[in-house]
Amino acid sequence: MRRSNEVDSVVRSLVPEVPGTALIAVGGYGREDLFPHSDVDLLILAEPAQAAAFNPFLRALWDRGLRVSQSAHTIGECLSITEGNLEFTLSLIDRRFLAGDRALWTQLDQGFRKFFARKRDDLALGVARLTRERHDSYQNTIYHLEPNVKDGPGGLRDIHVLTWFNALGHLEEPAAVLTELRHGLHEFYGRDTNVLNFEAQDAVGKSPDEVMARYFWAARKVQRAMNAWREAEESRSTSLFSRLRDRSSAFSTSELSVIHGQIYLSDTHPPDDLSAYELVARRGVRLSSEAGRRMHQALVHDPERGAKFQWEELENILQLPFAGLALREMHDTGVLGRIFPSWAKIEGMVVRDFYHQYTVDEHTLVAIDTVLRLRAEPPGLFPTLAQEASNYPLLLVALLLHDTGKGRGDESHAAASVRSAGPELEKLGMPAAAREEVLFLIGAHLEMSRIMTTRDLTDPETALSVASLTGTKERLALLTLMTYGDISAVNPHALTPWRTTLLWQLYAVTAELPCGAVFPPNHELGVTLEHATEHGGGVWRLALTAPDRPFLFASVAGAISSFGMDIVHAEAVTLNEQNAEHIACERFTFTDPFLTLKLNPEETETLTATVERAANGKEDVARLLQRRLRNPQPPVMPTIHFDREASRTATVVTITTEDRPALLYRLAEAISSEGCNIETVLINTEGRKAVDVFYVTASGLKLTAEKEEQLGARIRSAS
Amino acid sequence: MKKIEAVVQPFKTDEIKEALKAVGIDGMTITEVRGHGRQKGHKEVYRGQEYSVDLLPKTKFEVVVTDARAEEVIATIMAAAHTGKIGDGKIFVSDVMDTIRIRNSDRGDAAL
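For the record, the sequence lines run as chains A and B.
Per our numbering, the very first residue in the first sequence carries number 7; after that it's consecutive.
Per our numbering, the very first residue in the second sequence carries number 4; after that it's consecutive.
Please note that the accuracy of each hint is not assured.
Output of the computed footprint for chain B on chain A, the stretches with three or more beta carbons under 8 Å from beta carbons of chain B [stated by the list, open to error]: (1) 459-471; (2) 493-504; (3) 507-514.
Pulled from the structure, derived: some chain B residues nowhere near chain A, Cβ distances all over 10 Å [unchecked claim]: (4) Q12; (5) E35; (6) L58; (7) T69; (8) E75; (9) A78; (10) T102.
The set of hints was computed from the structure by calculation and includes no laboratory data.
Don't be surprised by glycine CBs; every beta carbon is placed ideally from N, CA and C.
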């Protein structure tokens with residue numbers, strides 16, 4: 007007000023006298039609501055030819071240090087809504103005569119009054135749309151670590167809008183808080199800065215915590231009022247919304263009624279259970295502000311209220327399509343903090359770092375929204391993983407509590423979160439097995455993100471360590487999705503394609519360890535055989551995990567070939583667990599040229615049993631193969647290439663030759679007979695050409711030149 | 004002055020950073036990048052279905068040093084980044100005409 011008066015006198019002392027024109031204050035200046043460094047909005051009411059006469063005046067204002075934002079229009083222009091210039095029309099709502107032709111001013115003033123009355127609904131709808139866009143650019147949340155007190159959701163701009171349309175209600179106190187913060191910002195920075203950043207949070211109040219607590223309190227009230235107004239305006243004017251509104255009233259129950267897409271309480275006592283939130287989660291309708299207030303009051307007046315809620319009720323909500331919205335409503339009314347006291351501790355919590363953009367609670371809710379959205383997306387890598395995941399409610403609860411241990415001193419926050427979540431989940435009545443899953447996810451929630459950037463993803467040891475950490479493929483999927491949500495919610499740009507690819511690769515190498523159903527791979531012998539049809543012709547895939555021993559790979563390859571199968575692809579990795587015997591994981595893809603398995607389904611069991619005996623060293627594979635190899639084809643000389651550089655730990659032996667029955671068995675057998683160990687195998691068949699790559703060591707080291715020569719000779723004689 | 008750009012495996016980032024610091028290189032720019040060289044994109048198999056990974060995640064280091072130090076820095080990056088496997092990355096070396104420190108207008112080697 008004071009600054010506005012000062013500016014008034016400067017303006018009036020400099021303004022030229024141009025007959026038939028008037029100078030009008032609009033926008034913030036028109037409201038007499040000038041912050042120390044905000045723009046001075048002026049309207050020059052004049053014909054185009056007259057406007058140039060004001061240029062020296064405008065320059066003089068700039069010279070005085072005023073940031074002038076002026077426009078020159080005729081009355082006719084002021085009284086029409088021009089496409090793309092809604093902001094100008096809105097600025098006229100706060101208009102004030104400064105100087106010039108008073109009759110012209112009266113004409114504008116009265117004309118605009120009538121214009122506004124006539125066009126009120128159109129303008130409101132336009133403002134609702136602009137507001138929605140503005141809020142979207144702030145991700146629709148007030149919980150930014152460094153919020154914009156003017157343009158952000160729940161900011162001063164929202165207060166202006168509500169004032170224009172007489173919808174402000176009782177927001178004087180929140181408005182005063184935001185005004186004071188913006189004043190503080192302008193004085194601290196000496197310019198028109200409206201972002202309450204870390205530096206400013208230290209400077210404009212008693213303490214950063216106090217500043218942010220006041221800001222969140224005010225912005226939350228303003229945002230609620232704004233959302234209610236905006237939804238009411240939008241539902242008033244579109245037939246789509248009115249259809250939704252009519253349909254949603256059918257959702258009403260005896261205690262709850264749905265009107266205009268919002269839930270109202272029918273009874274004087276809010277329901278004792280979570281049914282209102284269940285309705286939110288099922289239908290995507292929100293609590294009316296009145297219902298929200300009463301639910302909150304009921305909680306405040308009854309300290310015992312939260313104790314009655316049970317896991318089944320919450321689980322039910324978490325399975326519904328709008329679970330994320332329901333959690334937000336539960337957060338807003340305080341129910342969430344009542345069910346999980348550790349949640350109450352992170353409400354509005356600011357943890358300063360370079361990456362996070364949101365407060366801890368908002369970060370958590372964004373992470374939950376993200377993994378819920380994945381379930382609705384078209385099939386793709388992560389969406390499909392989300393759609394096929396079982397136990398989604400457990401993932402959501404784990405996400406909800408994953409950061410509740412933040413800000414508790416030196417201990418890792420994952421461990422602190424686990425410690426507080428355990429008793430809370432038990433009290434809620436969550437079964438022990440489910441609890442174990444949730445606590446595992448919370449405790450491990452940082453692991454995949456750490457491993458994906460610090461470990462070699464092509465090293466089988468990396469996959470093995472993640473497999474051992476997670477223990478089951480279900481948990482691996484949930485932890486992957488949790489990591490996806492957690493990274494996404496750091497800030498809108500955190501989950502870059504770079505990170506997405508790394509996370510997927512880590513998931514895929516672990517899920518695709520060639521160990522079949524035995525996960526994580528261990529020392530138990532496990533063999534799985536499945537028929538796969540995705541390549542058209544139909545192939546069989548045999549996966550195996552077993553304690554490693556000499557001749558293992560050769561024996562299994564031989565056993566498969568002895569059934570007349572044609573191995574087209576094979577992978578094997580040896581996992582070296584520290585202080586334990588090595589585990590081999592092998593996967594063979596083969597065709598069945600004589601349709602043995604298709605025509606005699608019982609043969610699949612015989613094949614599996616034979617492979618198991620071979621893997622245990624209890625089958626004489628050479629004898630089994632004799633029948634198949636009775637008429638050996640004329641020998642073909644293979645090309646053999648030794649590479650000592652390609653791998654750090656092994657010699658890479660590449661053998662290219664003509665494919666023939668039991669070739670893989672013979673090559674592997676030859677390598678093992680030479681006392682060499684097969685670390686990794688990649689087998690491919692292209693037409694009749696077989697390209698077989700073996701990573702081979704002898705006594706744990708790369709091969710010597712002498713050993714290479716001996717091995718070469720043996721391979722040649724074997725093939 | 005030479006600019007040394009190294010495109011390396013992401014999991015080597017910390018190792019290389021520490022190795023550079025150990026030889027007294029404190030100023031560096033590290034970027035998360037995606038691309039492919041001879042390693043190309045490749046097909047990976049997930050549940051029997053192939054999907055292509057055409058741009059592979061890498062980390063790019065950029066360091067500008069005096070001519071005298073260039074070989075030492077290259078050797079340091081080589082030693083830390085090498086695994087012997089496909090995809091280890093590449094180092095590019097180029098001449099830099101000048102360096103200017105914006106704060107005080109230092110130029111040339113003095114600005115490094």
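Verification of the supplied hints:
1. As drawn, the segment 459-471 of chain A meets chain B at 6 residues by the rule of a beta-carbon pair under 8 Å; at three or more, the given contact holds.
2. Coverage of a stretch by a chain is defined here by at least three residues with a beta carbon nearer than 8 Å to that chain's beta carbons; for the segment 493-504 of chain A and chain B the count is 3, and the condition holds.
3. For the segment 507-514 of chain A, the proposed coverage by chain B is satisfied: 4 residues have a C-beta within less than 8 Å of a C-beta in that chain, meeting the threshold of three.
4. B/Q12, annotated as away from the interface, has a beta carbon of chain A within 10 Å; the closest lies near 7 Å.
5. Consistency note on B/E35: stated as away from chain A, yet its beta-carbon is not over 10 Å from all of that chain's, at 4 Å minimum.
6. A beta-carbon of chain A is positioned within 10 Å of the beta-carbon of B/L58; the least distance is around 7 Å.
7. With a minimum CB-CB distance of about 31 Å to chain A, B/T69 clears the 10 Å threshold, and the non-interface call stands.
8. Listed as a non-interface residue, B/E75 keeps its Cβ farther than 10 Å from every Cβ of chain A; the least gap is roughly 24 Å.
9. Every Cβ of chain A is farther than 10 Å from the Cβ of B/A78; the closest lies at roughly 18 Å, confirming the non-interface assignment.
10. No beta-carbon of chain A is positioned within 10 Å of the beta-carbon of B/T102; the least distance is around 26 Å.
In terms of the numbered hints stated before, the structure departs from hints 4, 5, 6, listed from lowest to highest.
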